[in-house]
Amino acid sequence: MMKFTKADAISGLDPSSLAEAPKLVDSVARAMEGLAEEVQSLDQGHWKWVPRWIKVVATELELLKTNMLQIWFISAVADPRHGAPAQQARDATYSIEVIQDKIEYHRLQSNLVPRNKILNHLFKLLLALRCRWNRSNPNRVIREIKAVNEKARRLVPLLDKGQGQFSSPPPSSIGSVSDTRQTVVYGRDRERDEVVRMLIRSCGEATPEIMVSLVGDGGIGKTTLAQMVFNDESVRKHFDVRCWVSVSSVSNQMELATEILRSAQPSWVGSDENKMVDFQVLQSELRQFVASKICLIVLDDVCNSKDEILLGILTPLLSADSRSRILVTSRMVPHILGSSQVYTVNPLDTDDCWSLLKEHAFPIDDENVHPDLQLIGKEIATKTNGSPLAAKLVGGLLGETRSKAHWRNILETGLQDGTVFSALLLSYKNLPGHLKRCFTYCSLFPEDYKFDPAHLSRLWIAEGFVHPQGRAEKRMEDIAREYFDQLLSRSFFQEINIGHKTYYLVHGLLHELAKSSAEEDCFRIDDGMNFDIPSTVRHLSVTMNSLPGLTNFSGLEKLRTLLIQPSLSSSSSCFQEDFAVNLKGILAKSKHLHVLDLSCYNSEELPNCINDLLHLRYLSIHGSIQRLPESIGRLWHLQTLRFTGECSLEKLPASIIMLVNLRHLIVETKYTAGLVGIGRLANLQGSLELHIEKREGHKLEELRNINGLRGLLKIKNLENVSSYEEACKAELNKKTHLNSLNLEWSFASRNNPPHADVEVLEGLKPHQDIKVLHIRRYCGTKAPSWLLSLQQVHSLHLINCRSLGILPPLGNLGSLRYLHMKELCAVDRIGHEFYGNGDVAFPSLSVLEFDDFPKLREWAGTEDKISFPCLERLIIVDCPELVGIPPFSATTREVTIERTCFMPYMRLVPFSSDSEKLQLDVCTTSGHFNGLLHKQHLKVVVALNITGAEQVVATEEIGSLVSLQRLQLRRCNFTDYNFSRFLQALPCLSSLEIIDLPSLTSLPALEIVGVSTMLTDLSVRNCQFLQSLSSLQFFDSLKYLVIERCPKVTATSFPLNFRSLSSLKVLRISHCSELQSLPMCGLPSSLETLHITGCHPELSKQSRNMKGHYVEKLAI
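In terms of full-length UniProt numbering, the sequence shown has 135 at position 135, counting the first letter as 1, and numbering is strictly consecutive.
Among the hints, a few may not be true.
To be verified - Below, simulated DSSO-like cross-link-like pairs (lysine-lysine); rule was C-alpha separation at most 30 angstroms, straight line:
no. : residue 1 : residue 2
1   : 515       : 429
2   : 782       : 729
3   : 782       : 474
4   : 716       : 822
5   : 865       : 855
6   : 558       : 584
7   : 102       : 474
8   : 589       : 515
9   : 378       : 404
10  : 822       : 865
11  : 865       : 782
Said to hold, decoys possible - Computed spacing ranges between beta-carbons, pair by pair:
no. : residue 1 : residue 2 : range
12  : 751       : 627       : 54 to 64 angstroms
13  : 833       : 630       : 28 to 38 angstroms
14  : 626       : 581       : 15 to 25 angstroms
15  : 262       : 581       : 26 to 36 angstroms
16  : 788       : 193       : 19 to 29 angstroms
17  : 279       : 666       : 25 to 35 angstroms
18  : 467       : 826       : 16 to 26 angstroms
19  : 534       : 193       : 43 to 53 angstroms
20  : 497       : 1052      : 32 to 42 angstroms
21  : 736       : 262       : 48 to 58 angstroms
22  : 858       : 820       : 13 to 23 angstroms
23  : 739       : 626       : 45 to 55 angstroms
24  : 736       : 788       : 42 to 52 angstroms
25  : 231       : 322       : 15 to 25 angstroms
Treat the hints as calculated values from the structure; they're not laboratory data. As the structure is a prediction and not an experimental result, all values here were calculated from the model. Quick reminder that beta carbons are idealized off the backbone N, C-alpha and C, glycines included.
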């Protein structure tokens, strides 16, 4: 790991200007001491601090803080031998912020605390006035602050003039590069193709190693190359499952195994039998998973220090299918991976470096306007020595200005040694002060931490890093996001695209730079780390195990940030009790915290001392908290209250509506539904739920001023709204950034006349940019007039609108992608009006769902226009009277039909390409597919699910399913004979799932059917009369076998040569009550995972002995 020192990131200042700074800071410190004494008088109600004095002081303090921040940022790059006052300026800035907080807190108190309580203290206030008359003089303090402000105003330009030669150039109007172009990778196409060939080499070639290692120096582009390979189309097609894990961010085997399983299966939650899983259980799950799939597992950023963690993981992974692969990125081949295929990632050539640098320096095609800069830029590219990271960082720096002198300076003196190290320092040193502060704050998080820009923005705002600077009309979150995008465009963050997921990392070398640059201000303590916290630290991240070491830290009183991270052994009740004691002691001293993260603290209640953290802006707590004290309503500076994990909260305290600065309440919306007077939280910007009542504090007008919502707004009990005028009071049309709106009446059968619902819905017109709209239990006979004005809506749900007889012309909604209509009981016909009046109806719709239309008989098509050109999925459920539907687009790949009898009349238009794939779900009592699909469709069906068929015969259409790979049959009344005939027509079948086939007594003899060589996965569940499995002997390719809840299966059900199934890797048998022993012939030697549960007790005894016999290979 490359090491950085503080001296690496600094440069000289003009000594004469710098000498004035300490004097100014001393003056500021004295002024703040005097002001602090005066502010203390606010606690005693000193009457001379009338609002006009507070306003003057607040204005002067904000100016002073701005000047002190500039002095801090400028002097922070000074050479230490000049005695730069960066530390003193920083301390003075923090002192100013503390006093600002106190003044604002008392202002809020005067507005929020009921007047009668203040009047009750009047006598005490008058006494305090007499005691302090001679000592209190607000005018004197204001004069002092103005005087030091004037000195600071004069000093800042002098310091800035004396700054080093790489001062940040003046901003230009070139715009943000990151906003104008997509990420492009240069010079890696050949490497990508070579690595892809290594991963998908055919079985006919020499047997390759299952592991491939990408090796190269830091910043050379290993992760980027791995991303290209991971997202390559041929890799997508070859591997059933792809997962990506950043190894440097995990700390133990359990965590790594869990991350692999979650990446492969996002819905994975662990073993059903044992929620408190241990590592052996996870190993077993990994074995089962990789044995049944062709997997690509990327282990990114592996180092030798992780050998012990990798050892336990590789054991199950190395037993995967021979076509599976593990792709590793590392700076050197880890010892444990010595036998892997190694691919060395080399530096880029000069032309590719220039292309990459140019990509970050110029907007699209703009380089043609600056030929002189191109010449200089090409010379700079040669000095990056082929490092993509260096090229991106320097390109981002060059892109700040079109000044030829600035570019020449960087060429001649900025990259003298041509190392990545020098490029990192150069780019960091040229960051504006506010961006440096934001970047170094990231050192509080572990290496390879996945940053969420929204979460990080909330933290920056809470810390006071984000300043409007004359842009009061912009949200602080938008400004913070601009900061993030600026750092991203300069490559201080790295965008990682894995499949459809995007997240952001700080490169390992930059993370090291952030740590070294922030060591006096930000400090991180990991498990087992010997630490000596500098007394200057204001932002601290610590693991739960390391928390006791903070109890004697002298800087707790000045601490601004406390992020508590989980430890490996932090779940025992004894540990939790000790942790709670230490936490209370630490928080009792940390009075000036702005950010407190307790999301790993699993407790039912918060420590009471949190209520004394009056400066707190950000509080993150674990979902296990059941109660919040009413006194939390005193935290008037709080901006973010966040619950993590599954929330167990009984309810939110009523006092939460006193938190008038609250911007983000991150909790399930149901908790906001019962709050009385939620309209006071006018700054809320997330999601909200309101249950309308007729009493004060629960009416629609509570929503009037909450116009910053950006998530979901759910309004229920709309039957309690009586008129159009009352509905308009919500002013939904002013909520310009709202993403999703749910409008719900409580029940569909009501006494209200239909026109009442029509009027109310008309008054609930949302802003035209709404994206998702749900209307539920609306009893009106017509759709609202504003519905077709929602041209940005992409998801529309009309649920249980029982009186709506005619569908509106939804085909005019150009952005609509998902249309779900359910329980529209009055609709008997879908006519031409449904398609609208445009040339193309439903131009963007990809999913169309009709569910429970009991009267619908006719669905007309259109001949004069194109309709549904992008439809991919069609779902028709519970439409018993429907006798026909129009043709659908060739793009339709997935069709679900349940409890609908029109199947012989359905017809999709032919596919235009044989390369398409179709998944078909059918739920019907009819087993006949005559006329259901064109043969072109049937030839490309790869997955077929059939539910509830009384019989299935080998019709001509079934014979056309030549590409079918996955078949699921559920609750179908098949005889053994018909089942065999059905499978005979499926030559490519590789996965068969049989669920609840009551007439099935034996598996088909597939040696006759002719599909035995292809089938690799077989699952048989809940077949009550199945007793013969003898045909398993012909399943030569079978790898994964599941038998579940088949009570007539015994040891004699298996074939006599069951052990000859040489491909079988996973065998799972559960809840087969008559199975007393495993097959007498034994198990296949290839078996790696045996899972037996819920069978006869005798089998459990036998299986335990088997585990001892197979040692490492079986997990039972």
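Status of each hint after checking the structure:
1. 515 <-> 429: 15 angstroms, holds
2. 782 <-> 729: With Cα atoms ~22 angstroms apart, residue 782 and residue 729 stay inside 30 angstroms; holds.
3. 782 <-> 474: Violated - the C-alpha atoms of residue 474 and residue 782 are around 39 angstroms apart, more than 30 angstroms.
4. 716 <-> 822: 18 angstroms, holds
5. 865 <-> 855: 27 angstroms, holds
6. 558 <-> 584: 17 angstroms, holds
7. 102 <-> 474: 25 angstroms, holds
8. 589 <-> 515: 26 angstroms, holds
9. 378 <-> 404: 13 angstroms, holds
10. 822 <-> 865: 26 angstroms, holds
11. 865 <-> 782: 25 angstroms, holds
12. 751 <-> 627: 54 to 64 angstroms: Cβ of residue 751 to Cβ of residue 627: about 40 angstroms, so the range 54 to 64 angstroms is violated.
13. 833 <-> 630: 28 to 38 angstroms: 55 angstroms, violated
14. 626 <-> 581: 15 to 25 angstroms: Hint holds: Cβ distance 20 angstroms, inside 15 to 25 angstroms.
15. 262 <-> 581: 26 to 36 angstroms: 34 angstroms, holds
16. 788 <-> 193: 19 to 29 angstroms: Since residue 788 and residue 193 have Cβ atoms about 49 angstroms apart, the given range 19 to 29 angstroms is violated.
17. 279 <-> 666: 25 to 35 angstroms: For residue 279 and residue 666 the Cβ distance comes to about 32 angstroms; the hint holds.
18. 467 <-> 826: 16 to 26 angstroms: 57 angstroms, violated
19. 534 <-> 193: 43 to 53 angstroms: 50 angstroms, holds
20. 497 <-> 1052: 32 to 42 angstroms: Because 54 angstroms falls outside the window, the suggested range is violated.
21. 736 <-> 262: 48 to 58 angstroms: 36 angstroms, violated
22. 858 <-> 820: 13 to 23 angstroms: 21 angstroms, holds
23. 739 <-> 626: 45 to 55 angstroms: At 30 angstroms between Cβs, range violated.
24. 736 <-> 788: 42 to 52 angstroms: Cβ of residue 736 to Cβ of residue 788: about 19 angstroms, so the range 42 to 52 angstroms is violated.
25. 231 <-> 322: 15 to 25 angstroms: 24 angstroms, holds
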